[in-house]
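Once you have looked at the hints, place chain B on chain A.
Protein chains: 2
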Amino acid sequence: MGSEIQEIKNTIVQRLPNRVQVAKVEFEGPEVVIYTKNPEIITENGDLIRDLAKDIRKRIIIRSDKSVLTEPEKTIDRIHEIVPEEAKITNISFDEVTCEVIIEARKPGLVIGKYGSTSREIIKKTGWSPKILRTPPITSEVIQRVRRTLRKNSKERKKILQTLGNRIHRELTSENEWTRLTALGGFREVGRSSLFLQTTNSKILLDCGVNVAGSDDKSSYPYLNVPEFVLDDLDAVIISHAHLDHSGFLPYLYHYGYEGPVYCTTPTRDLMTLLQLDHIDIAHREDNPLPFNIKHVKKSIKHTITLDYGEVTDIAPDIRLTLHNAGHILGSAITHMHIGDGQHNFVYTGDFKYERSRLLEPAVSKFPRIESMVMESTYGGHDDVQPTRNDAEKELVKTIYRTLERGGKVLMPVFAVGRAQELMIVLDEYIRHGIIEEVPVYIDGMIWEATAIHTARPEYLSKDLRDQIFHMGRNPFISEVFHKVNGGNERQEIVEGEPAIILSTSGMLTGGNSVEYFKQLCGDERNSLVFVGYQAEGSLGRRLQKGWKEIPLKEDGKTNVYNVKMHIKTIEGFSGHSDRRQLMEYVRRLSPKPEKIMICHGDNYKTLDLASSIYRSYKIETKTPMNLETIRIQ
Amino acid sequence: MGSEIQEIKNTIVQRLPNRVQVAKVEFEGPEVVIYTKNPEIITENGDLIRDLAKDIRKRIIIRSDKSVLTEPEKTIDRIHEIVPEEAKITNISFDEVTCEVIIEARKPGLVIGKYGSTSREIIKKTGWSPKILRTPPITSEVIQRVRRTLRKNSKERKKILQTLGNRIHRELTSENEWTRLTALGGFREVGRSSLFLQTTNSKILLDCGVNVAGSDDKSSYPYLNVPEFVLDDLDAVIISHAHLDHSGFLPYLYHYGYEGPVYCTTPTRDLMTLLQLDHIDIAHREDNPLPFNIKHVKKSIKHTITLDYGEVTDIAPDIRLTLHNAGHILGSAITHMHIGDGQHNFVYTGDFKYERSRLLEPAVSKFPRIESMVMESTYGGHDDVQPTRNDAEKELVKTIYRTLERGGKVLMPVFAVGRAQELMIVLDEYIRHGIIEEVPVYIDGMIWEATAIHTARPEYLSKDLRDQIFHMGRNPFISEVFHKVNGGNERQEIVEGEPAIILSTSGMLTGGNSVEYFKQLCGDERNSLVFVGYQAEGSLGRRLQKGWKEIPLKEDGKTNVYNVKMHIKTIEGFSGHSDRRQLMEYVRRLSPKPEKIMICHGDNYKTLDLASSIYRSYKIETKTPMNLETIRIQ
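The listed protein sequences derive, respectively, from chains A and B.
First residue of the first sequence? That's 1 in full-length UniProt numbering, and the numbers climb one at a time after it.
First residue of the second sequence? That's 1 in full-length UniProt numbering, and the numbers climb one at a time after it.
This list has only true hints and no planted wrong ones.
Listed next, the in silico DSS-like pairs over lysine-lysine satisfying Cα-Cα at most 25 Å (straight line):
hint: 1; chain 1: A; residue 1: Lys596; chain 2: B; residue 2: Lys596
hint: 2; chain 1: B; residue 1: Lys623; chain 2: A; residue 2: Lys596
hint: 3; chain 1: B; residue 1: Lys107; chain 2: B; residue 2: Lys484
hint: 4; chain 1: A; residue 1: Lys203; chain 2: B; residue 2: Lys218
hint: 5; chain 1: B; residue 1: Lys74; chain 2: B; residue 2: Lys152
hint: 6; chain 1: B; residue 1: Lys203; chain 2: A; residue 2: Lys218
hint: 7; chain 1: B; residue 1: Lys546; chain 2: B; residue 2: Lys398
What follows is a list of derived Cβ distance ranges for each label pair:
hint: 8; chain 1: B; residue 1: Glu572; chain 2: A; residue 2: Glu177; range: 35 to 41 Å
hint: 9; chain 1: A; residue 1: Ala283; chain 2: B; residue 2: Pro291; range: 48 to 54 Å
hint: 10; chain 1: B; residue 1: Glu175; chain 2: A; residue 2: Gly407; range: 53 to 59 Å
hint: 11; chain 1: B; residue 1: Asp216; chain 2: A; residue 2: Glu259; range: 35 to 41 Å
hint: 12; chain 1: B; residue 1: Gln545; chain 2: A; residue 2: Pro227; range: 42 to 48 Å
No lab work stands behind these hints: they were computed from the structure.
Ideal Cβ positions, reconstructed from N, Cα and C, are used throughout, including at glycine.
Extracted from the complex, chain A is given alone in its bound form (with noise of 0.2 Å):
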């Protein structure tokens, strides 16, 4: 046992009452776990246990010891007892390594009880540490898959944690000299975020993307072969977001043979697991299969320690981890990561967005401390100023309004995650006050999925949204406006029947359900085609932005033609990224200011243009590494 574990234990069998038999402590992850004979008494005294967490910095666990549990049967049966009826319980089910009893429910708050009462009368009357997951009101077959693959691993999970534990809380071999940046993807360019620190202590990887508009391995992968990358050495890996510009390349560590730890939220894990299987899925039915399969999908989830907002982590020794809200989709993260002892704190802001949306809080702009940044620039250069949310709502209304009117449909390419729900808010939102016409509107492929996602993490949502769903008990996700579209009959009864609105992916028309609709939708000169994304160059969005009527589309060997006659409008301002003025106002708000940005995922003018403008007007150091370039912040 480390001296570590031992000094803790001390601490804590001194400060807990007598009559506490602890029979075990140990590391699990960053978080110590106290096993004991007597969970009731320590549950019942909630501050003495914060006081204690708080004096040796770490989070604490309670776990009963295996000998004063219930049997599973007459826990069930307690359990019943104990919650209220309106919690609508869903499954209950045991993990017998951690000693936990997993609850699932309609409404978990009813099951945690005012003040954890309801959760800690579990513990005392079973012996049993509760540990309750909310039941979506739309299932979700990721986050099913995902509880699975940890209900059935459960006894490997214990010992990732344990070894985890032992790795974090290990001596430093030497003092903190120097912390410095490798840009391993995703600088001067969109795409494959990859950021290396390195203390003279620990490894940590920021983000780990692919770029799935590259031509070859090469531009789609981020510079994981350099030789200061060594996968062995690694001590945690941070994703920032689920997108795969962030997310895609996680896999192809586990791949090649990393066995630690994946920090993010928990709709990251979900919403990224998702987003992963669809590629591996794709890239399959396209031949051209990627170097990772669905094993290292599930390999990555039993190494994912999921944290909520604000939760200070140990990752290394001589680094803490904080997630912030960042705004731009569920679940993401801005990255504060404390270094050394007061030594340096350093902030990637990954993608963000400075703007509350109908989805979202504005991205957190105060940290406690921050002497240096890594900053996106995706909508950096001068002259990427977007209209505001309200004005572009205004306009798709009335893009929507005009079609439906002449008894047309209105199809809108989207991107599963992020902005399809933004749009579903904001279309429930105008049909329920009779703006737009109440008509159906068709959720396609993915989006359904990544819906459901989103209605199993409603704490991650805007306090509006919370307050409808928490407090008007209205979920604007389960509005009776949306309709899943389950296969292809259903499509061609779409396509043929009454005037309606369909969001399908891919967003760009590169692939997907979207390229269906529009070969069936583009021929009528009443419908709409309404992009709200970026349409990358090369793909059939952008040719349709740029006025192309004639389009070849090749179908079962040969290609046709098609003739476009739909309305094309694009509306901006639905961007999950900050527009040009919300990046300037973002360095002005932030609170204290850094003494150095480095930015990063933009195009090379772009980033240019955004860190001499930082420059000028604020004074601070600004620079734009280039891929595997180093920066030296400490």
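Frame of chain A; chain B shown alone:
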């Protein structure tokens, strides 16, 4: 046998006359060695070999097959018959491993003969390939030691070269995608220079110095503990010049198991051996031993490949190295690297002087191509303008003249390598012309040995000096005005004797005999102390420059105070570094112009000042990396 050497052998056999029997063709380091039973036929076809070398783009060495060698006794007789007596052969020995006869002579040119005729005659008559070395007019212990080490380890040396040859000519595993530079020491500072160049395929270390003024290991040694620096993967080390801040850490690499080559000029090998041995010696005496010892200096010698200026050499499958005169000290080099097949050309100036000095030609500023450059900035501040060499000499002569006139002695503390020899030539010149009175010039300590090394390599001296030595038969280093000081008694006689000039180390009065002279001479106001080199903050030299008149010095455990009455004079303009004007002028004259210049080897503000001046004046992108930062150059 690798496919490349097989291909080369085929080409050679095809191109040589039918009569030539090629016994073996192999790589020896970067060179191709042909073993033959008829070496005379090949050597008589000089043009053929030159053409062949050009075609295969390798240097070719011809050696005899063992079966055709004349026996040693008889060979010695034949050599004495062939070589004219004026050549003054001092030693003949045999290397049975390489089938070379090593001929040491006072006038090696006469052993070579016109266009190599005498040398060819030796091969023809004896079978042995002559390796001709200069016997310096002043005996150098270091050169003797180096030659002995190489002679004694001939077999091991051959093995090292063969292994290296195969490594250099290995097949490329992937295309060259990028080249980057990591600053490991000597950036935004002076001392511990070290620069790490990495391509997709190769890894090269440029310089490997120590900061002799460093307070601890961390500030004394380069950052070789970064994760990207893996000793086993290193293809080559290049040493720009002998000073310890560029070469002092080299033995450490061998201590830690490096088995690869070091490339430098011959004078650099010899001078750095002198300085490294002295460094080990001093550290030992000060009871602060270094992490390496004499054994590792020897290992370094065995792995050194010396190159002449302008000689193009493969050092990795994708890198060709050429060294050019840097004008800083004897053998100092500007490193030019050609990377990939025309992909990139990189220049590292090392320390350089862009002005003709007495000793050396100015630094080379014309290259076939340059895309990027790392450049020193020791005197890069806008106010770092130094007097011309001419003014500096006048000032020196005036000071000496006045001191001698009043019956005093001139003490000049100097660094052993570089400034000392420059001054010797100046003094010889002015004494010879009667401008300075003919008094003895005493040469104390390591200066004599360093001077001996200078006399062994006249080819590296300035054209004026070479003309004096070769054509006018006058070597200023062996002028009668110079007297080697052999020990303590002599020192006492000098101090008590007639007016004289004394050159002694250390250059900053931080130890060594210069301090002993100072103690004896400081009390007499007729004497002068003349500084011609940089005096670091904290050194006794610096204190005296500041005007201290009472100097406490520890002797045998107690502190004695010395009253300074001698004149203290600082003369600028003798530096081996380019001053600010010369640095700017060098960039102006560079041909072709690089796209990017990175600045090293200067205090923080001088680095930044020079970088911004170069950018403003010439519109060349400049960078000022910190230690541990990585810059991509291609």
